[in-house]
Amino acid sequence: MSESQSILKLYGTDRSTCCQRVKVVAYEKELDLSLEAVDMMGKEHKQDAYLAKQPFGQIPYLDDNGFTLFQSRAICRYIAMKYPNQGTKLLPDASDIKAVSIFEQAINIEQADFDPNASGLTMQKLFLPKRGGKTDEEQLKKHVDGLRMKLDGFERILSKQKYLSGDEISLADLFALPYGTKVEICYPDFFHDSSRPNVRRWWDAISNRQSWKRVLVEAE
Amino acid sequence: MSTTVHGAHMAACTQLVKVVAYEKDLKVDVIGFDFAGAEHKSAAWLEIQPFGQIPYLEEDDFKLYESRAIARYLATKYAEQGVKLLPDPKDLKAMALADQSMSVEMSNFYPYVSGIAYQAVFMPRFGKETDQVALEKHRSDLKGKIDGFERIFAKQDYLGGKSIGLADLYCLPYGTMAEKVFPELFNDPAKPNFARWWKAVSTRPTWKRVLEESN
Numbered sequence: 037m038s039e040s041q042s043i044l045k046l047y048g049t050d051r052s053t054c055c056q057r058v059k060v061v062a063y064e065k066e067l068d069l070s071l072e073a074v075d076m077m078g079k080e081h082k083q084d085a086y087l088a089k090q091p092f093g094q095i096p097y098l099d100d101n102g103f104t105l106f107q108s109r110a111i112c113r114y115i116a117m118k119y120p121n122q123g124t125k126l127l128p129d130a131s132d133i134k135a136v137s138i139f140e141q142a143i144n145i146e147q148a149d150f151d152p153n154a155s156g157l158t159m160q161k162l163f164l165p166k167r168g169g170k171t172d173e174e175q176l177k178k179h180v181d182g183l184r185m186k187l188d189g190f191e192r193i194l195s196k197q198k199y200l201s202g203d204e205i206s207l208a209d210l211f212a213l214p215y216g217t218k219v220e221i222c223y224p225d226f227f228h229d230s231s232r233p234n235v236r237r238w239w240d241a242i243s244n245r246q247s248w249k250r251v252l253v254e255a256e
Numbered sequence: 005m006s007t008t009v010h011g012a013h014m015a016a017c018t019q020l021v022k023v024v025a026y027e028k029d030l031k032v033d034v035i036g037f038d039f040a041g042a043e044h045k046s047a048a049w050l051e052i053q054p055f056g057q058i059p060y061l062e063e064d065d066f067k068l069y070e071s072r073a074i075a076r077y078l079a080t081k082y083a084e085q086g087v088k089l090l091p092d093p094k095d096l097k098a099m100a101l102a103d104q105s106m107s108v109e110m111s112n113f114y115p116y117v118s119g120i121a122y123q124a125v126f127m128p129r130f131g132k133e134t135d136q137v138a139l140e141k142h143r144s145d146l147k148g149k150i151d152g153f154e155r156i157f158a159k160q161d162y163l164g165g166k167s168i169g170l171a172d173l174y175c176l177p178y179g180t181m182a183e184k185v186f187p188e189l190f191n192d193p194a195k196p197n198f199a200r201w202w203k204a205v206s207t208r209p210t211w212k213r214v215l216e217e218s219n
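Residue numbers (this note's numbering), protein chains in the order written: chain U, 37 to 256; chain E, 5 to 219.
Worth double-checking, as some hints may not be accurate.
Said to hold, decoys possible - Straight-line alpha carbon distances no greater than 30 angstroms define the calculated DSSO-like cross-link-like pairs of lysine-lysine that follow:
id, chain 1, residue 1, chain 2, residue 2
1, E, Lys-147, E, Lys-132
2, U, Lys-178, E, Lys-31
3, U, Lys-166, U, Lys-82
4, U, Lys-178, E, Lys-149
5, E, Lys-67, E, Lys-94
6, E, Lys-141, U, Lys-134
7, E, Lys-147, U, Lys-125
8, U, Lys-218, U, Lys-161
9, U, Lys-89, E, Lys-132
10, U, Lys-166, E, Lys-141
11, E, Lys-88, U, Lys-118
12, E, Lys-94, U, Lys-89
13, U, Lys-161, E, Lys-149
14, U, Lys-79, E, Lys-45
15, U, Lys-125, E, Lys-88
16, U, Lys-45, U, Lys-249
17, U, Lys-134, E, Lys-132
18, U, Lys-118, E, Lys-94
19, U, Lys-186, E, Lys-45
20, E, Lys-132, U, Lys-79
Said to hold, decoys possible - Pulled from the structure, derived: some chain E residues nowhere near chain U, Cβ distances all over 12 angstroms:
id, residue
21, Ser-6
22, Cys-17
23, Tyr-77
24, Ala-102
25, Lys-184
26, Leu-189
27, Pro-209
28, Lys-212
Stated by the list, open to error - If we take Cβ atoms under 10 angstroms as the criterion, some of the chain E residues that face chain U in the derived model are:
id, residue
29, Met-14
30, Ala-15
31, Leu-50
32, Pro-54
33, Phe-55
34, Asp-103
35, Val-125
36, Lys-147
Rather than coming from a laboratory, the hints here were simulated on the basis of the structure. Note that the structure is a prediction, hence the values are computed from the model and not measured. The beta carbon of each residue, even a glycine, is placed where N, CA and C say it ideally should be.
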């Protein structure tokens with residue numbers, strides 16, 4: 037890390053998708069994160085002490101020298117804003133209102149047009165069976181078909197520009213990595229469909245970044 | 005000042021843009037589209053809005069889609085007029101808390117209230133059957149999330165802190181539809197802080213105006 041950095045404590049686990057989202061952004065910004073383990077099995081995240089920091093009983097939350105913040109995407113935005121001059125540029129220039137708006141559009145595309153089906157698919161195909169539950173095949177099909185349709189929209193965008201908000205990578209692209217990777221585990225060729233060559237190019241570019249590879253190694 | 009939006013007065017995402025615009029003292033021209041003729045799925049529309057959805061904003065050559073991005077653009081561009089809906093962008097911690105509140109809306113409120121609207125309002129409207137199991141799951145999940153909102157509103161008046169912000173307004177369109185289906189969730193004596201917040205936000209004159217214009 038270059039600029040003097042306060043200790044950023046992230047409360048969560050290395051395997052949690054939402055923690056991975058914060059980690060990949062921190063690594064792109066060349067920041068050190070101190071991961072403070074939360075005892076999920078022991079339901080630590082549902083105890084009153086935890087709920088005082090994260091009222092929905094979820095991981096992660098960040099503690100930056102006493103300032104606490106939850107919601108992984110908000111944490112990512114905060115650290116990208118706090119350390120603009122080191123690591124990868126992940127935010128547009130704040131004085132360029134049109135660039136900022138296109139960035140916000142991309143942020144919403146990930147959260148509204150990618151995440152619901154990608155996380156829903158992951159829940160049905162991966163998480164539920166692991167927890168001793170049963171896949172609802174109808175729900176799974178809805179998410180698979182839904183995500184494919186949304187990727188047609190991604191293909192239109194990415195045929196004109198390299199990344200979701202333009203020709204440079206931003207937070208919006210990185211936000212897709214945790215659940216996108218889970219989708220790929222469930223369906224290895226999901227992002228390599230021959231009808232969507234630009235989605236393929238984009239997915240290969242973001243999923244092969246060193247920062248993401250490091251996150252995955254730490255999750256093993 | 006006037007802004008042009010391609011959408012429909014009764015559509016939730018258009019309503020979201022309108023309520024924010026009205027809070028900012030803006031006029032909104034809503035230009036309709038040929039829904040029956042699937043204009044929003046035409047090649048020309050997909051060039052502008054690649055997911056074939058409404059609304060999108062048009063300002064000269066500049067086009068923007070995703071209702072929350074449009075709302076945030078208006079709140080930023082017209083920061084100096086109407087109600088203050090975003091903190092000073094240079095205030096890092098205040099912006100972080102605002103971003104936290106907007107993310108809370110999108111992950112802990114929107115999926116459940118829109119799911120309720122989809123099953124109980126839209127499915128019948130399209131002549132299809134409500135999936136009662138899915139509807140009950142959305143209701144039960146929303147009830148669980150309200151516990152989290154109750155904790156937040158026990159300490160502060162709005163999602164982002166002392167004053168109203170974009171996140172509170174984002175809750176209105178689908179929240180209002182869900183309230184019609186399960187009013188007891190929005191006015192539960194066991195969740196007085198959540199009920200207080202919902203009443204404060206949903207009775208704002210700007211929202212009443214949006215609802216009137218939706219008929």
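Against the structure, the hints:
Taken as a hint, the E/Lys-147 and E/Lys-132 pair is honoured in the structure, with Cα atoms around 26 angstroms apart against an allowance of 30 angstroms. About 39 angstroms separates the Cα atoms of U/Lys-178 and E/Lys-31, which puts this hinted pair outside 30 angstroms; it is violated. Distance restraint check for U/Lys-166 and U/Lys-82: the Cα-Cα separation of roughly 21 angstroms lies within the 30 angstroms cut-off, and the hinted pair is therefore satisfied. With a C-alpha separation of about 24 angstroms, the suggested pair U/Lys-178 and E/Lys-149 falls inside the 30 angstroms cut-off, and the hint holds.
Straight-line distance between C-alpha atoms of E/Lys-67 and E/Lys-94 comes to about 26 angstroms, which keeps the hinted pair within the 30 angstroms bound. Annotation: proposed proximity of E/Lys-141 to U/Lys-134 is violated, straight-line Cα distance about 40 angstroms (limit 30 angstroms). The straight-line distance between the Cα atoms of E/Lys-147 and U/Lys-125 is roughly 40 angstroms, outside the 30 angstroms bound, and the hint therefore fails. Simply put, U/Lys-218 and U/Lys-161 have alpha-carbon atoms about 10 angstroms apart, close enough for the 30 angstroms limit, and the pair holds.
Using a Cα cut-off of 30 angstroms, the hinted pair U/Lys-89 and E/Lys-132 is violated, with the two alpha carbons roughly 43 angstroms apart. Between U/Lys-166 and E/Lys-141, the direct Cα distance comes to roughly 21 angstroms. Compliance with the 30 angstroms bound is thereby established for this hinted pair. At roughly 23 angstroms between alpha-carbon atoms, E/Lys-88 and U/Lys-118 fall within 30 angstroms of each other, so this suggested pair holds. The suggested pairing of E/Lys-94 with U/Lys-89 holds, with an alpha-carbon distance near 25 angstroms, which does not exceed 30 angstroms.
Note on U/Lys-161 and E/Lys-149: the hinted pairing holds, with a Cα-Cα distance of about 24 angstroms set against a maximum of 30 angstroms. Taking the CA atoms of U/Lys-79 and E/Lys-45, the gap is near 47 angstroms; set against the 30 angstroms cutoff, the hint is violated. At most 30 angstroms may separate the alpha-carbon atoms for a hinted pair to count; U/Lys-125 and E/Lys-88 meet this at roughly 29 angstroms. As the CA atoms of U/Lys-45 and U/Lys-249 are separated by approximately 21 angstroms, the hinted pair is consistent with the 30 angstroms bound.
Distance restraint check for U/Lys-134 and E/Lys-132: the Cα-Cα separation of roughly 41 angstroms exceeds the 30 angstroms cut-off, and the hinted pair is therefore not satisfied. The hinted pair formed by U/Lys-118 and E/Lys-94 meets the criterion: a straight-line CA distance of about 10 angstroms does not exceed 30 angstroms. Distance check on the hinted pair: U/Lys-186 and E/Lys-45 sit about 13 angstroms apart at the alpha-carbon level, within 30 angstroms; holds. About 41 angstroms separates the Cα atoms of E/Lys-132 and U/Lys-79, which puts this hinted pair outside 30 angstroms; it is violated.
Every C-beta of chain U lies more than 12 angstroms from that of E/Ser-6, the closest at about 18 angstroms, which supports listing it as non-interface. Listed as outside the interface, E/Cys-17 is inconsistent with that label: its C-beta sits roughly 10 angstroms from the nearest C-beta of chain U, within the 12 angstroms cut-off. Under the 12 angstroms C-beta cut-off, the non-interface status given to E/Tyr-77 relative to chain U is violated; the minimum distance is some 4 angstroms. Residue-level check failed: E/Ala-102 sits 9 angstroms from the nearest beta carbon of chain U, not beyond 12 angstroms.
No Cβ of chain U approaches the Cβ of E/Lys-184 within 12 angstroms, the least distance being about 23 angstroms, so the stated non-interface status holds. Every CB of chain U lies more than 12 angstroms from the CB of E/Leu-189, the least distance being 16 angstroms, so the non-interface label holds. Taking the minimum C-beta to C-beta distance to chain U, about 27 angstroms, the non-interface status of E/Pro-209 holds against the 12 angstroms cut. Against chain U, the non-interface label of E/Lys-212 holds: every CB pair exceeds 12 angstroms, the least being about 27 angstroms.
Against a cut-off of 10 angstroms between C-beta atoms, the interface hint on E/Met-14 is violated, since the closest Cβ of chain U lies about 20 angstroms away. Proximity of E/Ala-15 to chain U is violated relative to the hint, the smallest CB-CB distance being about 15 angstroms (cut-off 10 angstroms). At a threshold of 10 angstroms, the smallest CB-CB gap from E/Leu-50 to chain U is about 6 angstroms, leaving the interface hint in force. The interface hint given for E/Pro-54 holds, since its Cβ lies 4 angstroms from the closest Cβ of chain U, which is under the 10 angstroms cut-off.
Look at E/Phe-55: its Cβ gets to within about 4 angstroms of chain U, closer than 10 angstroms, so that hint holds up. Taking 10 angstroms as the C-beta contact cut-off toward chain U, the hint placing E/Asp-103 at the interface holds, the least distance being around 4 angstroms. A least Cβ separation of about 18 angstroms between E/Val-125 and chain U goes past the 10 angstroms threshold, and the interface hint is therefore violated. Interface restraint check: E/Lys-147 against chain U, minimum CB-CB distance 13 angstroms, threshold 10 angstroms, status violated.
Checked against the numbered hints above, the structure violates hints 2, 6, 7, 9, 14, 17, 20, 22, 23, 24, 29, 30, 35, 36; every other hint is satisfied.
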